[in-house]
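> The residues making up each chain are set out below.
Number of protein chains: 2
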Amino acid sequence: MTSEPTFNKRVRRYEDIKSFDDSADLVICGFGGAGASAAWEARKAGVDVLVLERASDGGGSTQMSSCEMYLGGSGGTELQKACGFEDSTENMIKYLEMAMGAAGDKDRIRIYAENAAEHFRWAEKLGVPYKRAFYAERDVVPLSDESLLHTGNERAWPYNEVCKVVPRGHVPSADGDFGGTIFMGKLLQTVRDLGARVVVDSRAHTLIQDDYGRVRGVVARIDNKDKFIEARRAVILTCGGFVMNEEMVQKHIPHVRKVGLPWGNPWDKGDGILMGVAAGGQAINMGEAFISFAFYPPAKLTSGIFVNKRGQRFVNEDSYLARMGHYGFQQDDGEIYLLTQNEDFERSAYLVNTEIVGTGDTIAEVEAEAGFPEGSLEGTVELYNRFAAKGEDPFFHKAKEWLKPLVNAPFALVKYNFKDIKAPAGTDQGVPIFTLGGLEVRPTGEVLTPDGQIIPGLFAAGRTVAGLPRTCVGYSSGMSVGDATFFGRLAGRTAAGANT
Amino acid sequence: MTSEPTFNKRVRRYEDIKSFDDSADLVICGFGGAGASAAWEARKAGVDVLVLERASDGGGSTQMSSCEMYLGGSGGTELQKACGFEDSTENMIKYLEMAMGAAGDKDRIRIYAENAAEHFRWAEKLGVPYKRAFYAERDVVPLSDESLLHTGNERAWPYNEVCKVVPRGHVPSADGDFGGTIFMGKLLQTVRDLGARVVVDSRAHTLIQDDYGRVRGVVARIDNKDKFIEARRAVILTCGGFVMNEEMVQKHIPHVRKVGLPWGNPWDKGDGILMGVAAGGQAINMGEAFISFAFYPPAKLTSGIFVNKRGQRFVNEDSYLARMGHYGFQQDDGEIYLLTQNEDFERSAYLVNTEIVGTGDTIAEVEAEAGFPEGSLEGTVELYNRFAAKGEDPFFHKAKEWLKPLVNAPFALVKYNFKDIKAPAGTDQGVPIFTLGGLEVRPTGEVLTPDGQIIPGLFAAGRTVAGLPRTCVGYSSGMSVGDATFFGRLAGRTAAGANT
Chain C
7 MTSEPTFNKR VRRYEDIKSF DDSADLVICG FGGAGASAAW EARKAGVDVL VLERASDGGG
67 STQMSSCEMY LGGSGGTELQ KACGFEDSTE NMIKYLEMAM GAAGDKDRIR IYAENAAEHF
127 RWAEKLGVPY KRAFYAERDV VPLSDESLLH TGNERAWPYN EVCKVVPRGH VPSADGDFGG
187 TIFMGKLLQT VRDLGARVVV DSRAHTLIQD DYGRVRGVVA RIDNKDKFIE ARRAVILTCG
247 GFVMNEEMVQ KHIPHVRKVG LPWGNPWDKG DGILMGVAAG GQAINMGEAF ISFAFYPPAK
307 LTSGIFVNKR GQRFVNEDSY LARMGHYGFQ QDDGEIYLLT QNEDFERSAY LVNTEIVGTG
367 DTIAEVEAEA GFPEGSLEGT VELYNRFAAK GEDPFFHKAK EWLKPLVNAP FALVKYNFKD
427 IKAPAGTDQG VPIFTLGGLE VRPTGEVLTP DGQIIPGLFA AGRTVAGLPR TCVGYSSGMS
487 VGDATFFGRL AGRTAAGANT
Chain B
7 MTSEPTFNKR VRRYEDIKSF DDSADLVICG FGGAGASAAW EARKAGVDVL VLERASDGGG
67 STQMSSCEMY LGGSGGTELQ KACGFEDSTE NMIKYLEMAM GAAGDKDRIR IYAENAAEHF
127 RWAEKLGVPY KRAFYAERDV VPLSDESLLH TGNERAWPYN EVCKVVPRGH VPSADGDFGG
187 TIFMGKLLQT VRDLGARVVV DSRAHTLIQD DYGRVRGVVA RIDNKDKFIE ARRAVILTCG
247 GFVMNEEMVQ KHIPHVRKVG LPWGNPWDKG DGILMGVAAG GQAINMGEAF ISFAFYPPAK
307 LTSGIFVNKR GQRFVNEDSY LARMGHYGFQ QDDGEIYLLT QNEDFERSAY LVNTEIVGTG
367 DTIAEVEAEA GFPEGSLEGT VELYNRFAAK GEDPFFHKAK EWLKPLVNAP FALVKYNFKD
427 IKAPAGTDQG VPIFTLGGLE VRPTGEVLTP DGQIIPGLFA AGRTVAGLPR TCVGYSSGMS
487 VGDATFFGRL AGRTAAGANT
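Chains C and B, in that order, give the protein sequences.
Per the working numbering: the first sequence ends with 506, consecutive numbering throughout.
Per the working numbering: the second sequence ends with 506, consecutive numbering throughout.
If we strip away everything but chain C, and leave its shape as in the complex, we get (with noise of 0.2 Å):
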């Protein structure tokens, strides 16, 4: 222990250090998805690791999640295959490049479809069912046991015209909405088997790191008291996103904040990021937040059509949530209204707070009612609909499965505030929303400087990273879980040393 003045309390100098409390050849920051995974590829490596975690056990955003993953590839996992789908690798690729745009990692796409297949295999063997059943509703999770779906937009347009439609969300099987409880809880009993050490209630805030750049440690806050932990072999970050970081949310995401409920588990503060970039590292795709528009279930809602408040269409209607909450998050004050026929019409299974400003046995009444300019919906519903009598829309490419003239009176008009609707039932006001910016870092995990050097004896995975998924319009559920389960396992057996 040591006494010695430091100003940056994210960071301390090894050589003032006199004694350390504890020590591990490895020390995991988090024990959710991604230290989990980390721990349990360390522990198969035969190193002694001491997983410290914030709360009082472990799970994290991972266990409050669905826990779908986003796999395929490799001419498909088990469960693809066996509900008669294939999946290549340079397809699954072609995808998460289409949708990670000039943001994306490329080397890091090309190794997770590479293995996506056996990461599905490897969590099959923790113990976590999968049901061979392919679930082809729209919707966000299903609630009935089925294991497969479409989490993402490999349906819709522009990505049906350039990859091949294969659905890639694997969802532990329960009936209701338990993936997360079923994975972890599987996960985390495994690494305890497996001999981890688990402190919980322990805070890692800052890396311990010498004259030479090295990270030789970390100090915690367990039981009220600075406790200082040697990692003999390197420390890995998986300390979850800042979303639940007030003034890190203000700096880095203010225009998203205003209208997002934050969404994760309450230990998301950022920590492993704030550490990571005092040992050196950079932060990057901080800005960038994925937005939740989950309008549907009901998925008939899905042949209406969104317009903004200049009766202006903006997006397919059949895009997944994310970039339903992308396209519709960027139009003048996030106000959105969905035009529906009355044979179509229901309230929005998670959101809530919508309101009714039209409706009307013809689109020039509905139009009137809402305060619209006159002709302005009118004229985007007569070309829509000219179109879609023919099975067309020359605009946004709408599947021909929820394309459908609207002439079939009364219509409703309902407005989506981004500012007003609540999702899901009963919680804060806004649309969950977390982040996607975090640590630079190779696939392997070691935590990369703005020069692109390493930082020696520093890993990081899970959301504590700048990922797979980087951006909102191209994101898919199960990206995170995949992306943090798969990474920590990689940065736990690169750290371990298993690898080099």
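Check the hints yourself; a few may be wrong.
One copy or two, either will do: identical chains are not told apart, so a pair holds if it fits within one copy or between any two.
[What the hints assert, rightly or not] In silico EDC-like pairs for lysine to aspartate or glutamate, Cα to Cα no more than 16 Å straight-line:
1) K15 to D457
2) K131 to D199
3) K396 to E380
4) K315 to E341
5) K264 to E253
6) K50 to D199
7) K421 to D338
No lab work stands behind these hints: they were computed from the structure.
Please read all numbers here as calculations on a predicted model, not as lab measurements.
Based on the hints, put chain B in the right spot on chain C.
Frame of chain C; chain B shown alone:
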């Protein structure tokens, strides 16, 4: 000098430095608009100043610019008042807060608006000529000698509904675009006359920080050797932005880089940001960039309408070039089109490589030739015309001045693809871009940690910081040079201790 090993090359430990090669009360890294303004104040306060400039002479990006400064408030600057404009501080604050939205720094905005009129007097006292004449044209910069003009969205919706319309662009008087040379010529000479020592061809690349967190100096590369320079009072980082650092651009604004021509001086390499972060600072707003879509002059093009490839309008065409850039870039593939009557047609002065993709005596003809969905452009124009005939634009509220029905054939549709257009004529591909992210600082220049602590002995200003301008959509020309020189002065004065 020392040979101690350190990993993070951007910060070294003060306690390890055995001797210094040089020293000063205040070490200022960068001799552009911000650095020179800081040096001016510090010398006035009587402290010993050493300026390190990476280029072979001072000037920075400010010298390359037109040196518009966005000024007003306090009832009006001398120039505004002489031209018959009154400008209250509250009106200016309202405009700036609206322009920056959730990303804005309210404290910074207020202190700027309250003191911008004084800042204008300071610039005039340097000997910079400002002619009492208002240039009313919709233009980028006057090539005649007037000094006051609109350089933002003051006249355009939605600003004109909320704020009193006042021009705030203050530009040195000259025939031609020489503002930067005139201003920086005066400022650099004055700073040298005041006794600041300036060392050119010297690159400050690493901060020296003690165990208490205080910044105590810099390491600078001079004559191909690392020199250790002690700062007895403080270091001020005024090293410009990072738009010339290809790696950082790729990490932080990859989507913009694809379409943009980096605009700035060659040493906008992000050195200041990287040093500041290494010392414990926080970089914010890193994903935001200014995108200059100067489709005018000629101003008469504003009477046309811009549409995306779906034939939809997306902005009031009388918006300022940055607002045009923001919304234009948002359209799919950055592909936008200007529909104009022959009587208003002329090639854009600043953008080349545009393409006429449709002409005709009817909109239907143009639409067909350009390959737009049948009825799409026709519908948009029909609606636009119907309201324009009444002097209204209920969709985007283009000002009456530019509102006229598009009825006089022939018509032309000009394609502006962000990927293809070049600007200015003859230069590299893309519209001009620069970065709006950097270190988080207090208005007085102190660099802040993510926890909001001040890093003792470290200040920053100019595009090294996240300053006054933080959004493209609300950017006005003159916000960067205004911010750099104003807050450069404030940082210089504060660091010199005049305010303590």
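> All the hints need checking, so say for each whether the structure fits it.
Hint check results:
1. K15 to D457: between (23 Å within a copy, 10 Å between copies)
2. K131 to D199: For K131 and D199, only the intra-copy Cα distance (15 Å) is at most 16 Å; the inter-copy one is 76 Å.
3. K396 to E380: between (26 Å within a copy, 13 Å between copies)
4. K315 to E341: Answer is within: at 7 Å inside a copy they meet the 16 Å cutoff, but 22 Å across does not.
5. K264 to E253: within (13 Å within a copy, 31 Å between copies)
6. K50 to D199: within (11 Å within a copy, 70 Å between copies)
7. K421 to D338: Only inside one copy: K421 and D338 sit 13 Å apart there, 25 Å across copies, limit 16 Å.
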